[in-house]
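Visitor: The opening residue of the sequence shown carries number 1 in the numbering used here; numbering runs sequentially from there.
To be clear, the hints were calculated from the coordinates, so they are not data collected in a lab. In this text the structure is predicted, and so the values were computed from the model without any measurement. Fair warning: there could be bad hints in the mix.
[Stated by the list, open to error] Derived lysine-lysine pairs resembling DSS-like cross-links, with alpha carbons at most 25 Å apart: (1) Lys-172 - Lys-114; (2) Lys-172 - Lys-195; (3) Lys-195 - Lys-169; (4) Lys-169 - Lys-189; (5) Lys-114 - Lys-189; (6) Lys-169 - Lys-108; (7) Lys-172 - Lys-189.
[Unchecked claim] Derived CB-CB ranges, DEER-like: (8) Glu-30 - Tyr-73: 31 to 41 Å; (9) Ser-151 - Ser-176: 30 to 40 Å; (10) Phe-62 - Ala-95: 31 to 41 Å; (11) Thr-111 - Arg-177: 18 to 28 Å; (12) Thr-2 - Lys-172: 22 to 32 Å.
Quick reminder that beta carbons are idealized off the backbone N, C-alpha and C, glycines included.
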Amino acid sequence: RTIRLRQDWRRLGVAAVVWDAAVVLCTYLEMEGIDLRDRSVIELGAGTGLLGIVATLLGEGFFVCLFKVIYNYSARVTITDRAAALEFLESNVQANLPSELRPRAVVKELTWGKDLGNFPPGAFDFILGADIVYLEETFAELLQTLEHLCSEQTVILLSCRLRYERDHKFLKMLRSRFSVYEVHYDSSKDVHIYKAQRGSRKDEF
1 RTIRLRQDWR RLGVAAVVWD AAVVLCTYLE MEGIDLRDRS VIELGAGTGL
51 LGIVATLLGE GFFVCLFKVI YNYSARVTIT DRAAALEFLE SNVQANLPSE
101 LRPRAVVKEL TWGKDLGNFP PGAFDFILGA DIVYLEETFA ELLQTLEHLC
151 SEQTVILLSC RLRYERDHKF LKMLRSRFSV YEVHYDSSKD VHIYKAQRGS
201 RKDEF
């Protein structure tokens, strides 16, 4: 399937560009065969929506029972960003999902640390983020958001480049709250993927 995304650096800056970290994490989800069917997934800082779109497509699942009733057990994907990016994000999501999957992908506003009452605590099986670690002043709010959205079973997958010392600082902060493991490194794009869970868990997907 071909995905075509609008990008708009002039109007929305970093939120409207496809970054390598998103491409690498999308590829990882597909190549590792991570089963998202019948799972609740949320993407943070979605930007163009690429990662959330791919998660919705990979999570597609339908079952026809004996009486020809179609049961939809596709992933339930919540794709989030700040208010200013939502119209742009929604247009990309709608343009790239087939009609039967559009109800499974919901675009919602989420400013880290501020809109948490709109999201039930611990309700997500997977939390995805691509290149969302770059502003040090948002680190505390991002961690607060991750803790709110996580249950003991939730798997967090974050992809990023480690460009600056502050990026390593965030990883240290993350490790103080979660068990964190590097699960993939793409040397051609210099992108790391980290898996984080509460406690000392190291579950397989």
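Visitor: If you check each hint against the structure, which ones fail?
Guide: Result: hints 5, 6, 8, 9, 10 and 12 break, sorted rising.
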